[in-house]
Amino acid sequence: MALNTSPTRSDVGYLRRRVKPVAAEETPAVQPASAATPEPRQTEPPRPASSGLSLSPSTPPAPAPARTPAPSAGLSLSPSTPPHTPASTPSATPAPVSTGLSLGPSSPAAPAVPPRTSAPAGSLPFPAPGIDEVRELGDDDPVLRLNARESAIGSLIVTGAASAVWEDVELVTGAGTPDGSTTGSPVTTDGNRPLVGFDDSDALVSLRHVRLLRRALFVSRGPEPLGVQIFDGSTVTVSPGDEKRMFVLSLLRIGGVIELRAEPVDRSASDETILKQFSFVLTPFLVTRASRSR
Amino acid sequence: MIPGANAALTAENPGLSQILVGFGWETIPSRGPQAELVPMAIMCDADGHSLSNDHLVFFNQIVSQDGSVSFVDDRDNEEIDVDLSLVPAEVAKIVFIVYVDPDVRGAGNFSAVRSAYVRVATRDNRELVRFVVPAEDNRTINVMMFGELYRHRDDWKFRALGQGYLTGLRGVAADFRIDL
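Going down the list, the protein sequences come from chains L and G.
Its first residue numbered 1, the first sequence is counted upward by one per residue in my numbering.
Its first residue numbered 1, the second sequence is counted upward by one per residue in my numbering.
To be clear, the hints were calculated from the coordinates, so they are not data collected in a lab.
Some hints could be false.
Said to hold, decoys possible - Selected chain L positions facing chain G (Cβ under 10 Å, derived; list incomplete):
{"#": "1", "residue": "F126"}
{"#": "2", "residue": "R135"}
{"#": "3", "residue": "L144"}
{"#": "4", "residue": "A152"}
{"#": "5", "residue": "I153"}
{"#": "6", "residue": "I157"}
{"#": "7", "residue": "S185"}
{"#": "8", "residue": "N192"}
{"#": "9", "residue": "R211"}
{"#": "10", "residue": "G227"}
{"#": "11", "residue": "D232"}
{"#": "12", "residue": "T235"}
As the list claims (entries may be wrong) - With beta-carbon atoms standing in for the labels, derived distance ranges:
{"#": "13", "chain 1": "L", "residue 1": "D190", "chain 2": "G", "residue 2": "R170", "range": "31 to 39 Å"}
{"#": "14", "chain 1": "G", "residue 1": "R105", "chain 2": "L", "residue 2": "P284", "range": "38 to 46 Å"}
{"#": "15", "chain 1": "G", "residue 1": "E90", "chain 2": "L", "residue 2": "S201", "range": "29 to 37 Å"}
{"#": "16", "chain 1": "L", "residue 1": "D200", "chain 2": "G", "residue 2": "S52", "range": "32 to 40 Å"}
{"#": "17", "chain 1": "G", "residue 1": "A135", "chain 2": "L", "residue 2": "T188", "range": "27 to 35 Å"}
{"#": "18", "chain 1": "L", "residue 1": "D190", "chain 2": "G", "residue 2": "S17", "range": "30 to 38 Å"}
{"#": "19", "chain 1": "G", "residue 1": "D154", "chain 2": "L", "residue 2": "S201", "range": "23 to 31 Å"}
{"#": "20", "chain 1": "L", "residue 1": "D190", "chain 2": "G", "residue 2": "D137", "range": "19 to 27 Å"}
{"#": "21", "chain 1": "L", "residue 1": "L171", "chain 2": "G", "residue 2": "E26", "range": "28 to 36 Å"}
As the list claims (entries may be wrong) - Chain L is faced by these chain G residues, among others (derived, beta-carbon under 8 Å):
{"#": "22", "residue": "G32"}
{"#": "23", "residue": "P33"}
{"#": "24", "residue": "Q34"}
{"#": "25", "residue": "N53"}
{"#": "26", "residue": "L169"}
{"#": "27", "residue": "D175"}
{"#": "28", "residue": "D179"}
Source: prediction; values computed, not measured.
Even for Gly, the Cβ is constructed at its ideal location relative to N, Cα and C.
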């Protein structure tokens, strides 16, 4: 079979990725990612495509002859498998994007409590566009990634959210609404600001303490779509979906960078259902009282 | 030291290679949102511009690509370590700024900050120089350049600065030509 050795068409958008893979022996040596793309830093090769959309039964990923980054988000319709392979094969472990919505039946072999560690810095699972490259998160562009500076300066502002859920690195989880009510446990930072909370109608993430945050979720219920703004003024909106589906905004911290994902959910799903789908378990908030002095 | 003063580091301390730059301050307690200070090192060329966006070191970008500058949270409020022997030749100076995190919920200036200082010490914490930032009316200042390490012939010197920005990180980004 003839091999396509012509250069990649960059003038036709939908053809950009449709280059026939060349034979393994003709595959040029892969350059270190750090030399090709200084930002975001990648010290490991991209993960196999196991974090992408998959309709096939789970099988061990075939060795790819060339680097095949997975552009899709964590939605998986395949039967559930443990999100982590044993520690003896860390290099083949998919990125621990455990917040992906899974509609597959539970595997009896799956551990009852999967490991919930954040990915180490420098192990980004696949290339992702930046906030300036995406106008709307949705079916076409489900994910974007902020760089280390965008992820750490000022406030990440989410407009149009009817509720926000957060989980910090100690798995303290809570939820809030624009009227100021909260359930679960709040996470307050040294600056006397909540790590994630509402200020008037906007949900805010305190990026000075981004390394305390593990993940968050923002749900819109009104006609206004979800929107995100960062310190430099860059913005992105989230597709409102259609009559049956809506998109929620999932925020993941991977090392020092924030990843934003539009995740489709059933429009009729309640907040409680969405929390369960994303495996958020609110932490009971214990109000302590000062010791009584006599 | 006083603003504008400089001190010879390597000329006075032969063999000095690894140094720590420590930052400290006190903040007047408040029940409301408080100013949160963040040190940042900017590696500049001879024109005073950052070599790239990756030549910044702060809490979320904790080491420069060449490994010469790294962020540590250790003895002082915060600390940045510098290995002078690893600093690339094209780096003419390393500017140390401290900014108040521009959280939209306020308290974005130095008005509540007292006793701010920067000090340079050896890796075993033998202090070489200390600059206490003058306590002035800082209600409109949201970024402060504390000091800079700079090359002087074959040596390195430290200069105390104490200059404030009224334009925040956007002013810093414009002056140093970086994306923030």
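Against the structure, the hints:
1. F126: violated (21 Å)
2. R135: Given a least distance of 19 Å, the restraint on R135(L) is violated.
3. L144: violated (16 Å)
4. A152: Holds - the Cβ of A152(L) comes within 10 Å of chain G, reaching about 4 Å at its closest.
5. I153: At 6 Å from the nearest chain G Cβ, I153(L) passes the 10 Å test, so the hint holds.
6. I157: At 7 Å from the nearest chain G Cβ, I157(L) passes the 10 Å test, so the hint holds.
7. S185: violated (20 Å)
8. N192: holds (5 Å)
9. R211: holds (7 Å)
10. G227: violated (15 Å)
11. D232: holds (7 Å)
12. T235: Check failed: Cβ of T235(L) comes no nearer than 14 Å to chain G, outside 10 Å.
13. D190(L) with R170(G): 31 to 39 Å: Given about 24 Å between the Cβ atoms, the range is violated.
14. R105(G) with P284(L): 38 to 46 Å: 27 Å Cβ-Cβ, so the 38 to 46 Å window is violated.
15. E90(G) with S201(L): 29 to 37 Å: violated (48 Å)
16. D200(L) with S52(G): 32 to 40 Å: holds (38 Å)
17. A135(G) with T188(L): 27 to 35 Å: This hint holds: roughly 29 Å between Cβ atoms.
18. D190(L) with S17(G): 30 to 38 Å: At 34 Å between Cβs, range holds.
19. D154(G) with S201(L): 23 to 31 Å: At roughly 59 Å between Cβ atoms, S201(L) and D154(G) fall outside 23 to 31 Å, so the hint is violated.
20. D190(L) with D137(G): 19 to 27 Å: About 25 Å separates the Cβ atoms of D190(L) and D137(G), which means 19 to 27 Å holds.
21. L171(L) with E26(G): 28 to 36 Å: Distance hint for L171(L), E26(G) holds at roughly 33 Å.
22. G32: holds (6 Å)
23. P33: Holds: closest Cβ of chain L sits about 5 Å from P33(G), inside 8 Å.
24. Q34: holds (5 Å)
25. N53: Hint holds; N53(G) Cβ to chain L Cβ min 7 Å, cut 8 Å.
26. L169: holds (7 Å)
27. D175: With a closest approach of 16 Å, the D175(G) hint is violated.
28. D179: holds (7 Å)
Hint violations for this structure: numbers 1, 2, 3, 7, 10, 12, 13, 14, 15, 19 and 27, all remaining hints satisfied.
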